[in-house]
Amino acid sequence: MVHSIELVFDQDTEVAVRRIWTDLAAAGIPSQAPASRPHVSLVVAGAIPAEVDPLLESVSTRMPLRCVIGAPLLFGRAKVVLARLVVPTTDLLAVHAAVYRLCGPHLQPQPMPNCVPGQWTPHVTLARRVGAAALGRAMRIAAKPTQIDGSFAALRRWDGNTKAEHLLG
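Numbering (our numbering), first residue to last: 455 to 623.
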């Protein structure tokens with residue numbers, strides 16, 4: 455399983471994302487609920503050891519960090535991942551770059567290519583494996599509200615092997 459360093463939302467923003475998940479599930483679209491917590495992955499690798507936690511304390515002090523959840527977007531081709539863009543502000547890009555720089559030497563065996571600065575697309579995942587037949591309906595649901603003004607509350611290290619969340623800072 456993968457490990458990641460992620461930004462988690464404040465309560466109000468999390469509720470807004472979970473509302474979209476609930477609406478998708480009610481429409482028969484495989485949403486992230488209830489097994490996941492809304493988040494934005496900053497770095498992803500096969501393993502990220504706990505030794506990075508103290509390295510990220512300086513980044514944790516930047517929280518809370520304002521964010522805007524914008525337009526829906528798709529990743530993949532056949533069965534797609536449905537997400538909402540998190541508008542890449544200067545502050546968000548700086549947090550991402552700092553996390554990548556601090557964690558880079560510890561990412562095992564190496565970081566996933568889509569989390570390298572300049573290749574990273576900040577997003578919050580809404581649903582996975584959405585087929586063509588459900589795509590139009592899924593996009594209509596995912597697009598409302600058109601914008602969510604929110605905040606990131608904290609950084610976390612996610613251990614996909616144990617499904618454990620380690621809040622940082």
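In short, the hints are calculated from the structure, not lab data. A couple of the hints might just be wrong.
Said to hold, decoys possible - With beta-carbon atoms standing in for the labels, derived distance ranges:
hint: 1; residue 1: T476; residue 2: Q601; range: 11 to 21 Å
hint: 2; residue 1: S514; residue 2: A586; range: 39 to 49 Å
hint: 3; residue 1: V535; residue 2: T600; range: 18 to 28 Å
hint: 4; residue 1: Q465; residue 2: V541; range: 37 to 47 Å
hint: 5; residue 1: N568; residue 2: A618; range: 36 to 46 Å
Using N, Cα and C, we set each Cβ at its ideal position, and we do this for glycine too.
Against the structure, the hints:
Checked against the given bound of 11 to 21 Å, the beta carbons of T476 and Q601, roughly 19 Å apart, stay inside it. Range check, S514 to A586: Cβ separation about 41 Å, and the 39 to 49 Å hint holds. Checked against the hint of 18 to 28 Å, the pair V535 and T600 passes, with Cβ atoms roughly 20 Å apart. For Q465 and V541, the hinted distance range of 37 to 47 Å is not satisfied, since their beta carbons lie about 20 Å from each other.
Against the hinted window of 36 to 46 Å, the Cβ-Cβ separation of N568 and A618 comes to about 23 Å, which falls outside the hint.
Going down the numbered hints, you'll see the structure goes against 4, 5, while the others check out.
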